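Here's the letter readout for the chains.
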Amino acid sequence: MNTLVYIDHFKGEALPASWEAVGVAKTLGTVTGLVIGSGLEALTKSAFEYGVDEILVAEDAALTDYRAELYASTLKQAFSERNWDVLFFPTTSRGRELAAMAAIDLNTGVLVDVVALEASGERITAIRPTYSGKVLAKVTSSLKPQIVTLRGRAFPKPSPQPGKSGTVTKIAAGSGALTEVEGYSTAEGGVSLTDANVIVSGGRGLAENQSAQLPAGLDAKQGEIWRAQHGFTMLKEMADVLGGAVGASRAAVDAGYVPYAMQVGQTGKLVSPNIYFACGISGAIQHLAGMRSSKLIVAINKDPDAPIFKLARFGVVGDLFQIIPALTIAFKQRLAK
Amino acid sequence: MKLVACVKTTPDTTATVKVENGKPTWGEAPLVINPWDEYTVEAALQLKEANGGTVTAISVGGEEARIALKHALAMGADEALLISDPALKPVDPQGIALILAAVLQKLGGVDLAFFGRQAIDDDSGTTPAQAARLLGWPALTLVSVIKVDGSNLRVERAIEEGRQIVTARLPAVISLVKDIGEPRYPSFMGIRRASKIEIPTWSLTQIGIPAPASVVEYLSVMDAPVREVVCELVTGANPQEIAEHLADKILGEKLL
Amino acid sequence: MLTLPEKIIFILAALATLAAVFFAIRRLVRIISAGHGHPDWKLARKRLVNVLGRMATFQPVFRLRFWPSLFHGLVGWGFIFYVLVNLVEVAQGFLPGFVIPGAVGDVYRFLADLSSVAVLAGVVFFIIRRFIFRPSNLSTRQTTLLSPKARFGIWRDSAIVATFIILHVGARFTGQSLAIAAAGKPDRWQPFANTLAALFAGMSPQALAIGEHVAFWLAIGLVMLFMPYFAYSKHVHLFFAPLNFLLKPERRSIGELSYINLDDNSIQQFGAAKLQDLGWEQLMDAYSCIMCFRCQEACPAYATGKVLSPAALEINKRYFLNTVHSLNDSPALTEFAIPAEAVWACTSCGACIDICPVGNEPMRDILDIRRNLVLMENTFPKQLESAFRGMERAANPWGIPPNERMKWAEGLKVPTIEHNPEPDVLWWVGCAPATDARAQKTARAFANILNTAGVNYAVLGQNEQCTGDSARRAGREDIFFGLATANVELLNEIKPKRIVTTCPHCLHTLKNEYPAFGGNYEVIHHTQFINELIDSGKLHLKPQTQSDENHPPSVTYHDPCYLGRQNGIYADPRLVLKNACSELVEMPRHADKSFCCGAGGSQMWKEEEHGTARVSEARVAEARACGAEMMAVACPFCMIMLTDAAKADGEDVKVVDVAEIVASRILD
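In order, the protein sequence lines correspond to chains A, B and C. For the first sequence, the residue numbers in our numbering are 24 to 360. For the second sequence, the residue numbers in our numbering are 2 to 257. For the third sequence, the residue numbers in our numbering are 2 to 669.
No lab work stands behind these hints, which were simulated from the structure alone.
Quick look at which bits of chain B chain A covers, simulated, 3 or more residues with Cβ under 8 Å:
#, region
1, 11-19
2, 139-151
3, 241-247
Quantities reported herein were computed from a predicted structural model and do not represent experimental measurements. Glycine included, each C-beta is placed from N, C-alpha and C at the ideal position.
All chains, full assembly: derive it from the sequences and hints.
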């Protein structure tokens, strides 16, 4: 089969999920990569290294910023000259949107956010999660081309082969932009608790780091708060590595360690991240009510009887002041690749 | 301003969904407004408060669709519209986009169509972009801040890398993320008012389109492999080892 | 004794007084009738004897503040007798030579003399107490919303009344002394007046006579002057307190709230936004209030620094009503009577209602105001949203879905109603014991007890829904209505012979509030049931032996508000503890005076309003102070609140349910 893979990138830097898509495409046949934007030489080079056979490049100043209608039209235009059997997109904010529009433009269907697929003959059958992942649906489409968006981290990333290259074909930019991009900003104050995909939460246990050096002149209560805030800084470091936010249990807020805005629980914020780290949190029902719908709960607590372990998928009974820094390093190493 | 909020009825997020007789079922768990759509309606109401106008809630479905519409009315939407037709069982997200695009055309004079970022049953998240494409309107998805001045729209979109600030001209399609603000809790008086409002129904003939062909075939459904939440205690000789094991296991869940 | 001109003046003055009193009464009646509903006079007939007894003994007053109550008794009993005295005085004024003859007369004069001195002694005590010692429990903190007229107004009212009493009684007493002096010989039936008479020994007869007339006019004239003043004074409690006790609508318990038919589309106003939304009895409360601040003293919210004062609520109502002739155009209650923050600080413990010596019910006003805030104005603490949502969608304020409702029973044999459709007793577990990890231990302990005793019981299992207590106490009558209707339908189908419950809030709601929905059930608490099992020999507990823990922990029992004060169950849990060989030590505030744990009134679901301490922590401190190492509770909310508070304070006080103590002592 001939496949076209949309290489999603931001300012010329690819999102890893794009390479995973290339990996999947390679198992089906020849892979054409599509890159749209400006300043794309490095991206084009990487694409070949990750296994793309040929690349279509639409490079234009007008394409510097992602604009849905413009990119979709560019894609549609590429299709007016050639055909591919399958279109792959990574399920990113841009990938999902473009795939959706492509389905309309090309009068076909789209299999969204697929986690597994197989091809028999010319037909792709895929598995996609529904009901927040509780039910898996086996889907296919009889329309051509077949458009599939692939969930990030569901497929392996191929190993790059440095020095590999291939044909580059320039294509024209599409038209019909309906928007203007004014600029970008990083979300203020980091990721918001309710929107975060990862939350690292701390409880009363955060004040118990005996080895932290207290500055002079603090009384018992101030010392406790200082220690706790020190502990929360440690949590923030891990949260930053994971692109997440820091939360707290009511006990930590009541004790004055952190502000109420960080409280997760019945009387605080209700969150449902992909991963919830409960550090030094015992797991009272009011707290659980705030985070029990998290997809994956990891508990780190020195008390083996803490109720949180009943709800956690992974647990560590240990000193969180040793585990969290080590975990931060472990994640940093693994996610940097 | 003429604002339209497109909403859907889904099972509650806490529902235990299992596959029975080849179909997903959720037992006695209640059907509620798609949680993302609470933000949809909230965004529309906020804009109505800022710029004036009306908010109409629309939904495609059977009688269960009234649940989402009643919730929207209880939050403060001015009116609601149900699109229902026996030929629409079943209908896939792309078909919904087709129908909604036709309805938005037929309503006429719509300035903004609001969508939730996805419905928690199907989880496709493609309907807003597709409806926009069919209408030829700009699609502004994953929006967290909205400002309208005359017919100029300015939004902030939540993308992986932070926020993208985009402008467009009305009419447009917007899909919302949670940062738009806490959805207002439907007041008792709102609920009471909503229970008394007659919601008109449009069929496909009234809209003037045929039933959309299905473009995706659902061959089968199955329960996600549920590991009993037996907590797996991760151990090791020292904190570093424990951390490495734990990081690997977590990454193995493929949620990052 | 009076001259003709005096008699004429007297009659004219009396007529003027009567007219003024008539208009005053008419105004009060009009105001009170503007409230919803009407009094049921049949109740008055039924209660007459009981109320007379309680008024005569001042029993409600003696429940708090012994010494002031005693001196109030002196004043009160004295004044009751003074009704007769004043009549006799007037008779003596108009009918020359009128005396009560013989032994009766002697006794009369003796009692009158005694009464005079008693009243004067009492008033002097009160003057010293209020104006010189100025105890803080006779006023409220500056942070409490109190009508600006009230702070000085109460002082002034007290001063006027004190002056009136001193002058009125003093004048009459002096008059008697003058009469004795004029008669020339002491009256041994008036020992105190005799003493004063000695002072007047040297006066001329004319001076004495003038003195007597002056005394008469001071005494009786002041009464006539004072009577119209009553309508604006807290002293009018003389009439309204008995009326309050006679006419208060019947309630199954202190906290049984009024029924609202949510299906009635004609209802325009839910709850109380303004005075005219209150019931007639709530308006009468304002007139009964003697501004003694006992309710404030008993209030756990006030005790922990919140801005809530039930006393201020009633006083503010009264001071507002003093200025108007009708209830039209009255401002919102949350503007002048009680601020929203105070409304949301209430734990609905009922202590204010229980302790009020004149039968007021400030808690009902607060909960009615909540209904308005929540249903009509949609303004309420945001944290309650998740509890509301949980009850709406999962029939459980924690939001735990029904299919997880029996998780607490894993590993135990607990028959559900499907397996045992005709049990001897239906065990209503309650959301808290089913859901909260700590309270689940209570449920497991009780299941253990039931199984060991071979009881034929069943639980509703996944069909058990929240009784709606938290919704109702927070003002969400609509959620409560839905849950109550559904629960009553289910229970009426099942027709349980008896219901035993491990949660006093459920007990209260099922027993006292479901009848309004057509559900009439016999509901008992698990401690009562345990006693039954012990009494009937079905449950045997280990006896205390020498070799028992050398030092069994000293246990104090914390009376849950919804079990004790609101449903009168004090003895049963204590009996159970005694049977389970616990060394009981009582906290100062126990039984009906128990201090709330802080969870009631939907406080469980929100952070406490701003104050100086947590209600729960104050209670644990009280337990610790009385030397208890263990707090025995009988309510899962108390369990949760007190466990958290004990943990925050260093964990030296253990909190266990009575059922757990029993289960640990089962003889197997």
